[in-house]
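Undergrad: Single-letter residue listing:
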Amino acid sequence: MKLFKELGANAAEAVEGLGAEVRFLLRLIVYTPRALLRFDLIIQQVYNSGALSLVIIMLSGLFVGMVLGLQGYQLLERFGSEASLGTAAAIGLVKELGPVVTALLFAGRAGTALAAELGLMRATDQLSAMEMMAVDPIGRVVVPRFLGGVFTMPLLAAIFSLIGIYGAQLIGVQLMGVDAGSFWSQMQAGVSLSDVTEGIVKSCIFGVACSLIAVYEGYYATATAEGVGRATTRTVVTSAVVILFLDYLLTAMFL
Amino acid sequence: MRMSTSTLNLGTGMFVVLGFAALFFLTTQTTSRGMSLTSAPHYDLTAKFDNIADLKVGAPVSMSGVEIGRVAKIEFDSKAYKAVVLMRVNKKYSQIPSDSDASIYTQGLLGGKFIGITAGGADTYLKDGDQIDFTQSAFVLENLIGQLMANFVKSKADTPAASGPEAAAPAAPAANPPAAKPK
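So the sequence lines, in the order shown, correspond to chains X and C. When you read off a place in the first sequence, starting at 1, and then add 79, the result is the number in this note's numbering. When you read off a place in the second sequence, starting at 1, and then add 4, the result is the number in this note's numbering.
If you're looking for bench data, these hints aren't it; they were derived computationally from the structure. There's no promise every hint is true.
Computed footprint of chain X on chain C, listed as stretches where at least three residues anywhere in the stretch have a Cβ under 8 angstroms from a Cβ of chain X [unchecked claim]:
{"#": "1", "stretch": "9-23"}
{"#": "2", "stretch": "80-89"}
Calculated from the model, a selection of chain C residues having no Cβ within reach of chain X, i.e. all distances over 10 angstroms [unchecked claim]:
{"#": "3", "residue": "62"}
{"#": "4", "residue": "126"}
{"#": "5", "residue": "128"}
{"#": "6", "residue": "149"}
Not the full set, but computed from the structure, chain X residues with beta-carbon under 7 angstroms of chain C [said to hold, decoys possible]:
{"#": "7", "residue": "125"}
{"#": "8", "residue": "129"}
{"#": "9", "residue": "134"}
{"#": "10", "residue": "169"}
{"#": "11", "residue": "171"}
{"#": "12", "residue": "240"}
{"#": "13", "residue": "245"}
{"#": "14", "residue": "249"}
{"#": "15", "residue": "252"}
{"#": "16", "residue": "270"}
{"#": "17", "residue": "271"}
Please read these numbers as outputs of a predicted model, since none were measured by experiment. Ideal Cβ placement from N, Cα and C applies to all residues, glycine included.
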């Protein structure tokens with residue numbers, strides 16, 4: 080009996096948390112037009128979560144592409160169609176791996192930083208101090224971080240896919256000897272614009288989800304050192320689950 | 005950790021430029037759509053086929069295996085019950101004899117369809133808007149298998165002792181082979 084009670088309480092808590100996040104998102108959207116006037120704050124955040132994530136995104140993209148090149152070549156060679164390696168790698172990267180892996184990396188690299196920063200502001204009463212000075216912390220601190228993340232994600236995903244395709248080309252063409260001409264022409268014949276759009280739409284939605292989770296967890300972190308730690312952990316875990324769940328939904332929707 | 009504004013702007017600017025360059029690359033270079041935006045000077049040819057199978061818009065048009073253009077439009081002619089294929093051919097290859105023939109081939113065993121043009125022997129060349137009269141339809145695997153099965157069943161029923169489906173001979177005869185016309 081007690082077990083069921085606890086289960087029910089947990090479920091209710093989860094639904095409540097979801098509602099709180101959605102309401103937080105609506106609040107952020109309401110603040111967005113005003114935040115756009117302070118554009119320099121957003122640029123600062125684009126730098127923090129975008130430009131500083133470039134190295135990890137590019138390195139990961141390169142290796143993911145190289146692995147795709149190797150695995151794809153091994154598989155396609157069995158059917159004598161290794162020339163379609165370009166198509167396989169490009170579609171895999173543009174539609175799935177680019178948006179998803181970028182979002183996971185973003186949650187680990189930029190999301191945790193956002194959550195920890197906001198959580199520490201909460202723990203050290205900086206947010207309360209802002210309220211005291213009649214500065215709205217959501218408009219001044221949270222919304223620029225959120226918008227920076229939303230703007231950054233599609234660009235990072237595109238860079239990831241681009242580097243990945245060159246990684247696959249490096250292995251497939253340079254190492255395995257697939258003809259460079261057929262690698263690119265098969266890719267151009269096989270990838271349609273809707274595939275690229277699907278990837279871009281996915282990464283935009285992941286951007287909103289990741290940034291929202293990070294700023295929400297940070298903003299509502301318990302005001303202790305332990306609370307900040309928990310906020311960063313929850314950011315990564317929730318982001319990962321939400322990204323993969325949304326990815327399934329979006330893929331099913333685009334089919 | 006306050007950094008100078010110029011470093012910040014430079015880093016952000018570089019990131020944004022790189023991001024949009026990647027987006028541009030993905031939308032134009034990995035798909036066939038973007039290529040047609042900056043198309044070379046070209047001219048249009050049409051051809052009517054009985055059956056185009058799964059030929060698609062954007063499929064290559066080739067001569068001797070070299071791509072000379074792409075399929076731009078596919079329509080159905082409801083009077084002649086034929087598929088009308090509009091081909092956009094690069095101006096560079098403007099000397100295609102007017103009695104050339106167009107056939108639909110398959111890339112590899114399971115690949116997509118493309119149009120192959122075999123040169124004829126005429127002295128006059130195809131111009132913009134001309135029609136290729138000699139065409140050969142796509143080779144449809146289902147028809148071939150159906151024919152094979154029908155023959156197999158028939159030969160078994162007629163002469164049980166006879167050899168197997170040797171009489172399949174499914175290769176569609178080339179419609180109007182482009183014989184060089186004596187002048």
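Undergrad: None of the hints should be skipped; say for each whether it holds.
TA: Going down the list of hints, with the structure as the test:
no.	hint	in the structure
1	9-23	holds (count 9)
2	80-89	violated (count 0)
3	62	7 angstroms, violated
4	126	31 angstroms, holds
5	128	32 angstroms, holds
6	149	20 angstroms, holds
7	125	5 angstroms, holds
8	129	5 angstroms, holds
9	134	11 angstroms, violated
10	169	5 angstroms, holds
11	171	12 angstroms, violated
12	240	6 angstroms, holds
13	245	10 angstroms, violated
14	249	16 angstroms, violated
15	252	15 angstroms, violated
16	270	5 angstroms, holds
17	271	6 angstroms, holds
This entry does not satisfy hints 2, 3, 9, 11, 13, 14, 15, going by the numbered hints stated previously.
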